[in-house]
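Residues per chain are reported as follows:
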Amino acid sequence: MSLADVLTIFHGALTTLLLSVAGIALGLPLGLGLALLRWGKVPLLNPAVAGYVSLLRATPLVTLVLLLFFALPSAGISLGPVTAGLLALTLNTAAFNCEVWRAALLDLPKDQIEAAQSVGMGRALRFRRIVLPQIARTALPGLINEMSLLIKLTPVLAVVGVVDITRAAVRIGAQTYEPLPPFLVALAIYVPIVFALVSVQRWVERRMARREAAA
Amino acid sequence: MMKDFATVWSERGLLLSGLGNTVLLSLLAALAGLALGALLSTLLMSPKRALAVPAKVFVDAARCTPFLLFAYIVYYGLPSLGLQFDAWSAGLLALTIYHSAYMAEILRAAWVTQPRAPIEAGLAFGYSGFGLFRRVVLPPLALSSAPVLGNQVIQIIKDSAFLTIITLPELTNAVNSIQSRHFIPFAAFVTAVLLYWALCLVVEAGVSAVGRLADARR
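So the protein sequences, as listed, match chains E and R.
Position one of the first sequence corresponds to residue 0 (numbering that gives the first Met the number 0), numbered consecutively onward.
Position one of the second sequence corresponds to residue 0 (numbering that gives the first Met the number 0), numbered consecutively onward.
The reader is advised that the hints may include incorrect statements.
Stated by the list, open to error - Here are the simulated distance ranges between beta carbons:
#	chain 1	residue 1	chain 2	residue 2	range
1	E	ALA208	R	MET1	34 to 42 Å
2	R	ARG133	E	ARG209	33 to 41 Å
3	E	TYR176	R	ALA60	25 to 33 Å
4	R	HIS181	E	ARG136	45 to 53 Å
5	R	ASP85	E	ALA214	52 to 60 Å
6	R	LEU50	E	ILE76	50 to 58 Å
7	R	ALA120	E	VAL118	23 to 31 Å
8	E	GLY50	R	VAL111	33 to 41 Å
9	R	LEU122	E	GLN116	38 to 46 Å
10	R	VAL147	E	THR175	20 to 28 Å
11	E	ARG209	R	ALA60	40 to 48 Å
12	R	THR166	E	THR175	34 to 42 Å
13	R	GLY12	E	ALA3	43 to 51 Å
Stated by the list, open to error - The following residues of chain E were derived to be distant from chain R, with all beta-carbon distances above 10 Å:
#	residue
14	SER1
15	LEU6
16	ALA24
17	LEU35
18	LEU43
19	THR82
20	ALA102
21	GLN111
22	GLN133
23	ALA157
24	PHE182
What the hints assert, rightly or not - One side of the interface only, derived from the structure: several residues of chain R facing chain E at Cβ under 8 Å:
#	residue
25	GLY19
26	ARG62
27	CYS63
28	LEU67
29	LEU68
30	TYR71
31	GLY76
32	PRO114
33	PHE161
34	GLN178
35	VAL189
36	CYS199
Calculated directly from the structure, the hints in this document are not laboratory data.
Think of the CB as a built atom: it goes at the ideal place given N, C-alpha and C, for glycine as much as any other residue.
Just chain R, same shape as in the assembly:
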């Protein structure tokens, strides 16, 4: 058994590049997904039905779609419409668009429970449109929904493992090639599981740091 883990260690270059891809992919998808989700949440909250209804249809549809099927559609389905991506861009695109719907719903849910007074005050001070959203609406929203957004980031990390199916060389893909090369499935996949666990613990530590910040501001 220890010999198997030693073999995994001897392939640490491959393992690290897989881990690097998983981290980079999740980070980019989380940031882009949050930005897109914030934009979508303003559409969801819009009093104009022509903006709110399409946004709601998209968010609900994404929340009812399995991520693997969505990734398949982006990578294998869209080329027949003339949109061709390499595995990396397709994976990043699929992760970002899919999770922006979840981010939007999280922000919307937090938004409806926000007190109305600061927004009125912001309006009275002459803020409007995007300035109002960025300076008055978003900061308390981001702080109060931080734990749920953290869970969503963990979900992004876990969904990125699906992208091994579209040949993206992330962590699960790396350990799968290590196990097939050396026939050490247990050691290889357990290593991956422990690395995913470590990533999620880092995210949780980050969330509780934001939580302390939010308490300090209160």
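One chain only, chain E, in its complex shape:
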């Protein structure tokens, strides 16, 4: 394995990171939106979102990516491997984020909202000033956990042909007939990234536990 091969894997790392960030950025607000539909008990949409979350939580990402990649073009919607992969990541992570946001919303004391109502705050202001800052804090560890799960799921993009870390490593292994070294390089990229996220999550949890103990 040459230096150029290592650089190819790092180039794949850039793709992995960009798609992860895009998936997180799309999945976070989408999950919040879904959670609000359930929290507000919006008729028809509430059970629909519950069904969506239950279904998506049970669907393997590989199966979802293959479904989108092969079935959408035959329905007349043409999309490349990157779009199909990003769509699958987003649909998947939105379902998990929805549950995290919903748990945070259910955890929010009702008197907070009643107090906001009694001082005459409107619905949007109430959400922005009272609800969001509090649920963002409670949901944070769960959301970071979901981010590290998402990064661990990105090799699924390699299945439909996106050249991410895993695909780059497989390709080099096939060229050099020595698959182990490129896989170990790939491992050496994934592990620190995910470990950094897990460490941040533990740090946030400890901080919150300390704050609760002080209060």
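Dock chain R against the given chain E, drawing on the hints supplied.
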């Protein structure tokens, strides 16, 4: 559209064998992973650093590794070290080892919140070592961590779909060959998604049955 699903139905033999492989693989990996995870959790909780530190390094490393990459290493990487497996054994091995780390972490987290008194009582009655773990530590641990372990089993079922990449003929692999043979991607993959959903609902029903058992014992 209905014709496409009829075509999937006509391939039900292939579909069922794929489903059977997914169920068998997940079941074996869950049982072996739980056994290995229980063993690992005793190492994690060990006061001897020489046992606890390597176990913690393994568990943390596995929890930071994508499963697909791990499966690739087992199936394509290990043969160059002289360890050759067929797809089935490689898949089962990868699923078991990878998820044993998660099982160990779940059991450890439940273990640290267990009250100390029953263990002291067990010691006073002369239990020690493995007997103490099996009779006193494990039963309440298994009951209290059942919901999280159930989630992990669902994760195993979902990760088993990755094994289609190493040519293991499980459910996703079966529907992929059905769709490529008949050009019916939508019907084929939707069937697979619904079957995975059904499997997960069965696991969830099992978990809530264990939860009722745990309530009855309390």
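Hint check results:
1. E:ALA208 / R:MET1: 34 to 42 Å: violated (55 Å)
2. R:ARG133 / E:ARG209: 33 to 41 Å: holds (37 Å)
3. E:TYR176 / R:ALA60: 25 to 33 Å: Holds - the Cβ-Cβ distance for TYR176 (chain E) and ALA60 (chain R), about 27 Å, lies within 25 to 33 Å.
4. R:HIS181 / E:ARG136: 45 to 53 Å: Holds: the Cβ-Cβ distance is about 51 Å, inside 45 to 53 Å.
5. R:ASP85 / E:ALA214: 52 to 60 Å: This hint holds: roughly 57 Å between Cβ atoms.
6. R:LEU50 / E:ILE76: 50 to 58 Å: Distance hint for LEU50 (chain R), ILE76 (chain E) holds at roughly 55 Å.
7. R:ALA120 / E:VAL118: 23 to 31 Å: Given range 23 to 31 Å: violated, Cβ gap about 55 Å.
8. E:GLY50 / R:VAL111: 33 to 41 Å: holds (36 Å)
9. R:LEU122 / E:GLN116: 38 to 46 Å: For GLN116 (chain E) against LEU122 (chain R), whose Cβ atoms are near 56 Å apart, the range 38 to 46 Å is violated.
10. R:VAL147 / E:THR175: 20 to 28 Å: violated (42 Å)
11. E:ARG209 / R:ALA60: 40 to 48 Å: Once the Cβ atoms are compared, 28 Å apart, the range 40 to 48 Å for ALA60 (chain R) and ARG209 (chain E) is violated.
12. R:THR166 / E:THR175: 34 to 42 Å: Violated - the Cβ-Cβ distance for THR166 (chain R) and THR175 (chain E), about 21 Å, lies outside 34 to 42 Å.
13. R:GLY12 / E:ALA3: 43 to 51 Å: Taking Cβ atoms as reference, GLY12 (chain R) and ALA3 (chain E) lie about 48 Å apart, which means the hint holds.
14. SER1: Correct as stated: the minimum Cβ-Cβ distance to chain R is 18 Å, above 10 Å.
15. LEU6: holds (19 Å)
16. ALA24: Given a closest Cβ separation of 20 Å, the condition holds.
17. LEU35: holds (24 Å)
18. LEU43: holds (21 Å)
19. THR82: Holds, since 16 Å exceeds 10 Å.
20. ALA102: holds (14 Å)
21. GLN111: With a cut-off of 10 Å, GLN111 (chain E) remains clear of chain R, as the shortest Cβ separation is near 28 Å.
22. GLN133: Given a closest Cβ separation of 26 Å, the condition holds.
23. ALA157: Not fine: 7 Å to the nearest Cβ puts ALA157 (chain E) too close to chain R.
24. PHE182: violated (5 Å)
25. GLY19: Status violated, d = 17 Å.
26. ARG62: With a closest approach of 7 Å, the ARG62 (chain R) hint holds.
27. CYS63: Because about 4 Å separates CYS63 (chain R) from the closest Cβ in chain E, which is inside the 8 Å limit, the hint holds.
28. LEU67: holds (4 Å)
29. LEU68: holds (6 Å)
30. TYR71: holds (6 Å)
31. GLY76: Check passed: Cβ of GLY76 (chain R) comes within 4 Å of chain E, closer than 8 Å.
32. PRO114: violated (20 Å)
33. PHE161: holds (6 Å)
34. GLN178: holds (6 Å)
35. VAL189: With a closest approach of 7 Å, the VAL189 (chain R) hint holds.
36. CYS199: holds (4 Å)
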